[in-house]
Amino acid sequence: MAHAPGKYYVPHGSWWPIVGSIGLFVLMLGAANALNGSGFGWPAFVGLGIVLFMFFGWFRDVIRESVAGYYSAQVDRSFRQGMIWFIFSEVMFFAAFFGALFYARTLAVPWLGGEGVGFFTNLLLWDGFEAGWPTDGPANVGGEFTPIGPLGLPAINTAILLTSGVTLTIAHHALRDGKRATLLGFLGATWLLGFIFLGLQAYEYVELYRDYNLRLDTGIYGSTFFMLTGFHGFHVALGALMLVVVWLRCVKGHFTPKQHFAFEATAWYWHFVDVVWLGLYLFVYWF
Amino acid sequence: MPRSLFRRGPGAALATLATLLAPGAALANDWQLNMPVGITDISADVYRLHMTILWICVIIGVIVFSAMIYSIFRHRKSLGVEPAKFSHSTKVEIVWTVIPVFILIGMAIPATETLVRMEDTSGSDLTIKVTGYQWLWEYEYLDEDVRFFSRLHPDSDRARQLGSGIDPFSVENYLLEVDNRMVVPVDAKVRLLLTAGDVIHAWWVPDFAVKKDAIPGFINEVWFQANETGVFRGQCAELCGRDHGFMPIVVEVKSQEDYQAWLAMQRGELGDRPVASTHR
Amino acid sequence: MSTTATHAPAHDDHHNAPTGIVRWLTTTNHKDIGTMYLLFALLMFFVGGAMALIIRLELFQPGLQYVQPEFFNQMTTMHALIMIFGAVMPAFVGLANWMIPLQIGAPDMALPRMNNFSFWILPFAFTLLLSTLFMPGGAPASGWTLYPPLVQQTGDALPFVILAIHLMGISSIMGAINVVVTIMNMRAPGMTLLKMPLFTWTWLITAYLLIAVMPVLAGAVTMLLTDQFFGTTFFHAAGGGDPVMYQHIFWFFGHPEVYIMILPAFGIISEIIPTFARKPLFGYDAMVYATASIAFLSFIVWAHHMFTVGMPLAGQLFFMFATMLIAVPTGVKVFNWTATMWRGAMSFETPMLFAIAFLFLFTIGGFSGLMLSIVPADYQYHDSYFVVAHFHYVLVPGAVFAIMAGVYYWLPKWTGHMYDETLGKIHFWLSVIGVNVTFFPQHFLGLAGMPRRIPDYATQFANFNMMSSIGAFIFGLSQLMFVYIIFKAIRGGAKATAEVWDSPKGLEWTVPSPAPHHTFDEAPQVK
Ligand code: HEA
Ligand code: HEA
Ligand code: CUA
Ligand SMILES: [Cu+2]
Chain C
1 MAHAPGKYYV PHGSWWPIVG SIGLFVLMLG AANALNGSGF GWPAFVGLGI
51 VLFMFFGWFR DVIRESVAGY YSAQVDRSFR QGMIWFIFSE VMFFAAFFGA
101 LFYARTLAVP WLGGEGVGFF TNLLLWDGFE AGWPTDGPAN VGGEFTPIGP
151 LGLPAINTAI LLTSGVTLTI AHHALRDGKR ATLLGFLGAT WLLGFIFLGL
201 QAYEYVELYR DYNLRLDTGI YGSTFFMLTG FHGFHVALGA LMLVVVWLRC
251 VKGHFTPKQH FAFEATAWYW HFVDVVWLGL YLFVYWF
Chain W
1001 MPRSLFRRGP GAALATLATL LAPGAALAND WQLNMPVGIT DISADVYRLH
1051 MTILWICVII GVIVFSAMIY SIFRHRKSLG VEPAKFSHST KVEIVWTVIP
1101 VFILIGMAIP ATETLVRMED TSGSDLTIKV TGYQWLWEYE YLDEDVRFFS
1151 RLHPDSDRAR QLGSGIDPFS VENYLLEVDN RMVVPVDAKV RLLLTAGDVI
1201 HAWWVPDFAV KKDAIPGFIN EVWFQANETG VFRGQCAELC GRDHGFMPIV
1251 VEVKSQEDYQ AWLAMQRGEL GDRPVASTHR
Chain F
2001 MSTTATHAPA HDDHHNAPTG IVRWLTTTNH KDIGTMYLLF ALLMFFVGGA
2051 MALIIRLELF QPGLQYVQPE FFNQMTTMHA LIMIFGAVMP AFVGLANWMI
2101 PLQIGAPDMA LPRMNNFSFW ILPFAFTLLL STLFMPGGAP ASGWTLYPPL
2151 VQQTGDALPF VILAIHLMGI SSIMGAINVV VTIMNMRAPG MTLLKMPLFT
2201 WTWLITAYLL IAVMPVLAGA VTMLLTDQFF GTTFFHAAGG GDPVMYQHIF
2251 WFFGHPEVYI MILPAFGIIS EIIPTFARKP LFGYDAMVYA TASIAFLSFI
2301 VWAHHMFTVG MPLAGQLFFM FATMLIAVPT GVKVFNWTAT MWRGAMSFET
2351 PMLFAIAFLF LFTIGGFSGL MLSIVPADYQ YHDSYFVVAH FHYVLVPGAV
2401 FAIMAGVYYW LPKWTGHMYD ETLGKIHFWL SVIGVNVTFF PQHFLGLAGM
2451 PRRIPDYATQ FANFNMMSSI GAFIFGLSQL MFVYIIFKAI RGGAKATAEV
2501 WDSPKGLEWT VPSPAPHHTF DEAPQVK
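Residue numbers (my numbering), protein chains in the order written: chain C, 1 to 287; chain W, 1001 to 1280; chain F, 2001 to 2527.
Honestly, the hints are just simulated from the structure, not real lab data. All C-beta atoms, glycine included, are put in the ideal place defined by N, C-alpha and C. It is possible that part of the hints are untrue.
Think about it this way: if two alpha-carbon atoms lie no more than 20 Å apart in a straight line, the pair counts; the simulated EDC-like pairs of lysine to aspartate or glutamate are [unchecked claim]: (1) W:K1077 to F:E2522; (2) F:K2505 to F:D2285; (3) C:K7 to C:D76; (4) W:K1189 to W:D1258; (5) W:K1085 to F:D2502; (6) C:K7 to F:D2285.
To give a feel for the contact side, a few chain W residues facing chain C, derived at Cβ under 10 Å [unchecked claim]: (7) V1098; (8) G1123; (9) L1142; (10) K1189; (11) T1195; (12) F1218; (13) I1219; (14) N1220; (15) E1221; (16) Q1225.
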């Protein structure tokens, strides 16, 4: 592989994309079957396995190329811009669910309660329903429930995530200054905080299901609450895993104070997850 | 399959042609090109609005297309012309940005006026709750204790089955007739409250310029005031599953007296679940 | 824009390059990937087209002759999904892959492996989608818009459709990221943003649209999935949700989506007309700004697809005004193209013929769009064949003609051979005639009151439907010629020069035809 320095590195053929496509296909096939309640759901796990295998293999190649010094500053910029736009697409994914939350709260539920164009809706179909938030709708879908306030666990979780943002920044500075011990310590603390967050979130879910009767199928409040916090939690899990991988690579000494794109990309991702949480905390828990 | 296409296709075409040529054929709207003017003030307004916008577009189209066509015929290499060199002109760019803005404002004003009028459901003379189901309509006259279902007329229903062998042209008002028509009085402001029992439907009668979705769990309001008596037909206009194409709407506008008589009949003799029988 | 490009023929890595199927499975080359995208799109165009022909066959005359209503609805749904996500979008991505690196002087796309991934997801996604035709309950039959609650009556197909859409979304987002990064990061020295060819420009803006709205579609269909299988009530009034909410989220994606299908077309037309008019594009800067304005406006007009759902008056007015505004930047484009032709020295090879037809017919489609934006009138047009006529005018002689124009325009660059000009012209004339005979009468049908998405209709609609069906078969069958012409050019034909046409502008014309496997290994200097 003779690649003149200064040239843009165009990799040779790679099997990973097709492996990944097959993996995604098997994953989706299995998942769809599982949703339909057929016994043919197990391929989902096979597919997931293939996808994970693909990620490891693909990133292994990338890391090798990076370590071998194939990546010019321009390639590095491509990765950075790519990551930024990926995160933007994730923002838009959450925007859809926030949109649903705002629409339901400020338009649909008040209409069902007889406001504005909803006068006859309320009178003839849902007589006696009074709009309010949180609600499980005029038919009381899922039964009486207790919403969860912003204090207590959610506040602690907010503090945890915000702290993790700080520890991550400290780790980043340490990496840039070449302070290895600080880097490993604070990066380790960051993913640890991430997992503590997840643990608390899981605890909260159990409590909500068991004691508060707040479930995914508790009307629109349960729907928006669990879909938003659930997808967020899923992203925290991903981010935390990425942090662990980056931490391991720091242990192995992959990064230099100058070149550490994987670290930065993960950090951006983590901050994105953080910001989404702030939105959640404000609009799901607080107001 | 293709054989029957060629067997029945031209046959049907001939049949159409025959009815067209037949003296006094009632199918004069076989070649209907345009929106109906309708029989309400609003529908006439909508028609005018439609024609205004259409003509504005036609005029702009004629201007733009003439320029293109002129250019295509005169500015061609085969005529040995030398291409000009110009590549921009801020002046014309501004002109052809600003002029359309004014044209659009000109369109928006009457459109807004009409829309505001359409949205005013106040002061209605009677209110009918209309519920869409897969695949029939329910009409409930709210203050009159009259309520019935309305579905595709059996004649059409037989003919429309796959491979029924019945020629649709032999069925009167094929797909546009129901067993029980909705009946309203002329010159009265009729308010409809639309909703649905299963999936979204839409209640559309072109002659009233009324189309509104019937959404499960919500009620939409819409109104019309017919200026003429007669029978007016429409169809469900939101995909609602298998028989979406087979849930027509037929409204019979009657004089006040006839309407009252119809109401009395609906309430009186037919018990607490009256079935209208207005079909012919 | 001139250049001092050096094009070293195949460079050293080439000796051990894989051949056969392995080459295509593992390739990272933008030209290979572009070719695969284009061939895939062509295949899907025929699959989706075959479904359209089933629709037109059943609508040839009143009464049900060939298919059950349920199957008809499945055809409508699948036809649209396949044409949009399988034919038009991949065709544009294929063109982007081939042409953007050539136009900006880049050695390849910025993220070549991911590029291959974007492509290879697609065949699997469409396998999932098409497999639903054979499932209990059949394919989805709720229209491509997948409105609840109707979509929730889909049989086993529902999760398959939704997950297939997720895959298409992943593919599109990755493809769009690649385009953005390539354009922002890989331009040759001197290729400033305002020197970029318009095809590249329009694709840059399209890619932003894709990144912004594909995830929203993913969100919308995910909510459908959880409503169906996990008891959420996003779209059920009983639980405080609203079926109309789905429509808002869907069209927030859906409207930008239609511009995703037309902006690259604008770009292609902006390349072709100057070449064959032998005159620079009129108002280049205005073209760029107009494209950006259209993209911006496309985010605030979505509810014009749902004027009949019973929105508050203020909402209807807002969406009407915003929608009407789009006519202004689009008009700027149409006028600029006209001014480009004006006092040029035109010749009428097949790409130019398709481009000119685009100009006329897209404008007609735009006019009907403007009519649709007028709320009181839309109460009459909505969900009638008038809408079907509108969007086929902008999509078929709009987007599809632009793709065909682009294929004819660049085919010699790809294959090194000229296509058969006589056959190309015949293909063109059959296509324009076919398309107009198919879709023009549909305006009349809609105005006279024929609803869309119905397998059978009242007898007064018989004449125009028969016409429309005949047109569809003329148009559809003449596309077989297109395939023949393409494969003929791949296999042989007159040798194409590097420039192909009469001194066209752009870096792509500085490399030999066929373009070597690797181009611009050394970045050219753009002055
Ligand atoms: C490529 C795709 C494409 C494009 C470019 C457009 C362009 C436009 N569309 Fe279209 N549209 C669709 C694809 C597209 N549409 C599809 C697929 C649907 C149906 C979806 C479904 O329901 O399944 C649809 C439906 C649709 C509706 C909903 C109809 C309904 O269901 O009731 C509306 C309503 O406003 C609309 C409006 C417009 C407008 C105003 C434009 C404008 O962008 C057009 C602007 C162009 C011009 C106006 C012409 C050129 C301008 C001039 C020459 C300048 C001077 C002109 C004037 C001042 C008038 N479209
Ligand atoms: C880019 C998008 C695109 C394209 C290119 C087309 C192309 C065509 N469309 Fe489509 N159409 C849509 C997008 C598109 N459409 C959408 C979005 C809808 C709305 C769906 C909905 O309501 O949800 C729709 C709906 C729609 C309807 C309304 C259906 C209904 O309301 O029930 C009709 C009816 O005539 C139709 C017809 C056609 C025809 C005749 C073509 C022709 O241009 C097709 C050309 C034909 C071919 C290319 C066929 C070639 C095939 C052969 C020659 C046969 C060879 C056979 C084999 C090899 C097996 N379309
Ligand atoms: Cu009811 Cu369509
Ligand atoms: Cu739109």
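Structure-based check of each hint:
1. Proposed proximity of K1077 of chain W and E2522 of chain F is contradicted: the alpha carbons are some 37 Å apart, above 20 Å.
2. Restraint check for K2505 of chain F and D2285 of chain F: satisfied, since their Cα atoms lie roughly 16 Å apart, inside the 20 Å limit.
3. Our distance criterion of 20 Å between C-alpha atoms is met by K7 of chain C and D76 of chain C, whose separation comes to about 13 Å.
4. A hinted pair counts as satisfied when its Cα atoms are at most 20 Å apart, and K1189 of chain W with D1258 of chain W qualifies at roughly 17 Å.
5. Between the alpha carbons of K1085 of chain W and D2502 of chain F the distance comes to roughly 16 Å, so the proposed pair stays at or under 20 Å and holds.
6. With a CA separation close to 32 Å, the supplied pair K7 of chain C and D2285 of chain F exceeds the 20 Å bound.
7. Checking V1098 of chain W against chain C by beta carbon gives a least distance of about 35 Å; that is not within 10 Å, so the hint is violated.
8. Contact between G1123 of chain W and chain C, as hinted, is not supported at the beta carbon level, the nearest pair being about 15 Å apart and thus beyond 10 Å.
9. Taken as an interface hint, L1142 of chain W checks out: its beta carbon lies about 9 Å from the nearest beta carbon of chain C, inside 10 Å.
10. A least Cβ separation of about 16 Å between K1189 of chain W and chain C goes past the 10 Å threshold, and the interface hint is therefore violated.
11. A hinted interface residue such as T1195 of chain W counts as satisfied when its beta carbon comes closer than 10 Å to some beta carbon of chain C; here the least separation is about 7 Å, so the hint holds.
12. Contact between F1218 of chain W and chain C, as hinted, is supported at the beta carbon level, the nearest pair being about 5 Å apart and thus within 10 Å.
13. At a threshold of 10 Å, the smallest CB-CB gap from I1219 of chain W to chain C is about 4 Å, leaving the interface hint in force.
14. For N1220 of chain W, the interface hint holds, since its Cβ comes within 10 Å of a Cβ in chain C; the closest pair sits about 8 Å apart.
15. For E1221 of chain W, the interface hint holds, the least distance from its beta-carbon to any beta-carbon of chain C being 6 Å, beneath 10 Å.
16. Because the smallest distance between the Cβ of Q1225 of chain W and any Cβ of chain C comes to about 19 Å, over 10 Å, the interface hint for this residue is violated.
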